Every structure is written in C-alpha cells, then in structure tokens.
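Put together the whole structure using the sequences plus the hints.
Protein chains in written order, with the working numbering: chain A, 1 to 166; chain B, 167 to 319.
Honestly, the hints are just simulated from the structure, not real lab data. Please read these numbers as outputs of a predicted model, since none were measured by experiment. Any given hint could be a false lead.
Unchecked claim - Derived CB-CB ranges, DEER-like:
| hint | chain 1 | residue 1 | chain 2 | residue 2 | range |
| --- | --- | --- | --- | --- | --- |
| 1 | B | V208 | A | S81 | 35 to 41 Å |
| 2 | B | V182 | A | V22 | 33 to 39 Å |
| 3 | B | G291 | A | T163 | 50 to 56 Å |
| 4 | B | V173 | A | P128 | 38 to 44 Å |
What the hints assert, rightly or not - Pairs of lysine to any residue, SDA-like flavour, derived with a Cα cap of 20 Å:
| hint | chain 1 | residue 1 | chain 2 | residue 2 |
| --- | --- | --- | --- | --- |
| 5 | A | K149 | A | V132 |
| 6 | A | K149 | A | Q86 |
| 7 | A | K149 | B | S298 |
| 8 | A | K149 | B | R311 |
| 9 | B | K279 | B | G221 |
| 10 | B | K279 | B | S224 |
C-beta atoms are modelled at their ideal positions from N, C-alpha and C, and glycine is treated no differently.
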Amino acid sequence: MGDLGRGVSNVVAEALLLVVGVSLAAALLSAVVSRVSIVQSRFSNVVSELAQSVVERLAYVYATYSPSEGAFVVYLKNVGSYPIYQLNASTVLFGGAEGLQYLPYCSSQRVGCWRVVELGVVNNTLDPAETVAVYVYNSTSVTPPYRFKLVTARGTAVEATFTVYW
Amino acid sequence: MVILLAVLANFVVTYVATAGRLLELSRYYRRPTLLIGGARVVGGGRVVFNVTNQGPESVIVDSSTTLLLDYQAGDGSGRVTELLSYGTSWYVEALVVGGSTYPVAPGAAVEVKPGATARVVATVGGGIAPGSTVILVLVDRWGSRVEYVFAAT
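This is the structure in structure tokens:
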C-alpha cells in the first residue's frame with residue numbers, strides 16, 4: 001500500500017512538473033515571439049525606408065510663370081534610380097506667403113488644378129534623369145515668394161520656394 | 167538567452183539603420199559642387215559658358231544632365247523657357263584643366279573632375295534679345311543643381 005501511495009505521489013509530482021514546465025515554456029515562447037515580432041517590424045520599416053529613398057528621388061530644376069498658359073510652371077527631374085509611375089496620382093500644394101493650398105489634378109488646362117507634361121519620352125512614366133513640367137493653375141492671388149510642394153503616391157516629397165521677377 | 171539575442175538584434179538593426187542614414191547624408195554632402203561662369207551670348211542664338219566642378223566628386227556631363235534656359239525671345243514674343251537636349255542643342259566643347267585645353271567631340275559624355283572646367287555651347291530655338299536677362303540652370307543626374315543669371319550682350 002505504501003509503495004502504491006509513493007507511486008501515485010510520484011506520478012502527481014511528475015504531472016505537476018510537466019504542467020509547470022509547459023507553462024514556463026509557453027511564457028518564454030510568448031516573450032520570444034513578441035521580441036522577434038518587434039525586431040521584424042523594425043527591420044521591415046528600415047528596409048522599406050531605405051528602398052523608398054533609393055527608388056524615388058525628385059529634384060527641383062526651375063520654376064517660372066507662363067502668361068500664355070496662365071500657369072506657374074515647375075520643372076522637376078527624377079534623380080533616383082528607378083522610374084516614377086503615376087505622377088498624376090501625386091498631391092500638389094501651392095501658395096505664397098499666406099500658406100499652401102491643395103490643388104486637384106486635371107488632365108487639361110483649368111483654373112484651380114494642376115497637370116503634368118512630360119518633356120522626354122511621353123509614356124506616363126517619369127524615367128530616371130527625365131524632366132517634367134508641372135503646370136499649376138492657381139485660382140487665388142498669391143503673394144511671393146511662391147511655394148510649391150509635390151508628394152508622390154509613394155510619399156516622396158519635393159518642394160521649392162521661388163519668385164518670378166518679370 | 168533567446169530574449170537577450172533578440173534585444174541584441176534589435177540594437178544591431180537600429181545601429182545599421184542609423185549608420186545607413188549617416189552614410190546617405192555624407193554622400194549628399196559629397197555631391198559635386200558646380201559653378202557657372204563666363205556666360206555670354208554669341209551670334210544671337212548661341213550661349214557659351216563655363217561649368218567648373220568645385221566639389222570633391224567628379225560629375226559626368228551627358229544626356230542625363232539637364233540644361234534649361236530662360237530668356238527673352240529676340241522677336242519680342244516674350245520670355246521662353248527651353249529645355250535643351252544634350253548632343254543636339256547643347257554639348258561640351260572642351261575641357262579645361264589648369265592651363266591645358268582638351269577638345270571634346272560634340273555630344274560625347276564628359277567626366278568633369280574636381281577642379282576641371284567644361285566649356286559648354288548651347289543653341290536655343292530662337293534668338294535672344296540683346297540686353298535681356300538670361301537664366302541658365304544645370305542639374306546633373308543625381309540632383310546637383312547650379313543656376314546662373316547674366317545679361318545678353
């Protein structure tokens with residue numbers, strides 16, 4: 001009887017140890033998974049930021065006012081390593097000393113919007129080293145210096161402050 | 167132990183990211199610094215000017231380089247902003263290094279090393295009004311930009 005009792009208590013003790021062991025392992029696994037997830041998330045962010053900075057880079061070239069178009073014309077160049085697609089999906093802000101105003105995209109000349117004209121190969125893509133002209137048909141009077149900002153669909157921003165003195 | 171490794175990996179990733187950004191920043195500041203000088207209008211429709219590389223890095227002048235001219239048209243039709251095409255409407259005529267001048271075939275790509283000067287010839291579509299203001303803008307492949315204003319003679 002005594003041996004039987006000792007055998008049962010051993011089984012119970014082993015079962016308890018097993019439960020405790022499994023619990024500890026689960027807790028440890030949870031902590032590890034949580035940490036790995038944080039590292040993975042940060043790594044992913046870093047990689048995407050690096051890729052973004054390499055993939056898309058726009059540079060301001062020049063800006064002027066075209067009386068015949070009734071528009072400010074801002075020339076931008078792709079100085080990145082890859083083409084920029086769907087430039088018309090960008091966000092354009094334009095204004096003066098008063099502040100910036102959002103302008104929607106339009107495919108033709110219309111007051112209160114902007115359009116883009118490719119100056120190289122016309123393929124709806126801003127290829128590396130290619131330059132485009134962005135026509136800004138602002139509807140309100142603005143005080144110089146004029147301010148222009150374009151943010152592509154991927155989030156790359158280019159901005160310029162300029163005056164036109166003739 | 168595993169948690170410690172994960173934390174260490176986290177530090178490594180952060181360090182690499184920071185180092186990468188610093189490297190990118192240092193590259194940005196090591197870009198070529200271009201300077202335009204000696205610009206003049208020749209024969210009404212040709213502009214000749216010098217581009218000197220005053221930065222620590224070489225710059226390649228070729229079809230990926232943007233040259234833009236803003237000038238008063240000779241026929242009185244107003245100001246014209248013209249984007250020129252390398253090899254067609256503008257080219258490097260010669261490279262000047264110290265006291266030596268090396269001719270360059272029109273339209274050929276040229277490496278302008280730090281301290282060297284490229285003599286550029288640009289031809290605009292119409293004539294340039296004498297006495298008017300001419301603006302030159304040159305942007306290289308990687309975004310180094312130089313602007314210069316002068317009066318047409």
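Structure-based check of all given hints:
no.: 1; hint: B:V208 with A:S81: 35 to 41 Å; in the structure: holds (37 Å)
no.: 2; hint: B:V182 with A:V22: 33 to 39 Å; in the structure: holds (37 Å)
no.: 3; hint: B:G291 with A:T163: 50 to 56 Å; in the structure: violated (26 Å)
no.: 4; hint: B:V173 with A:P128: 38 to 44 Å; in the structure: holds (40 Å)
no.: 5; hint: A:K149 with A:V132; in the structure: holds (15 Å)
no.: 6; hint: A:K149 with A:Q86; in the structure: holds (17 Å)
no.: 7; hint: A:K149 with B:S298; in the structure: violated (30 Å)
no.: 8; hint: A:K149 with B:R311; in the structure: holds (18 Å)
no.: 9; hint: B:K279 with B:G221; in the structure: holds (9 Å)
no.: 10; hint: B:K279 with B:S224; in the structure: holds (4 Å)
Taken one by one, the earlier hints fail for this structure at numbers 3 and 7, listed in ascending order.
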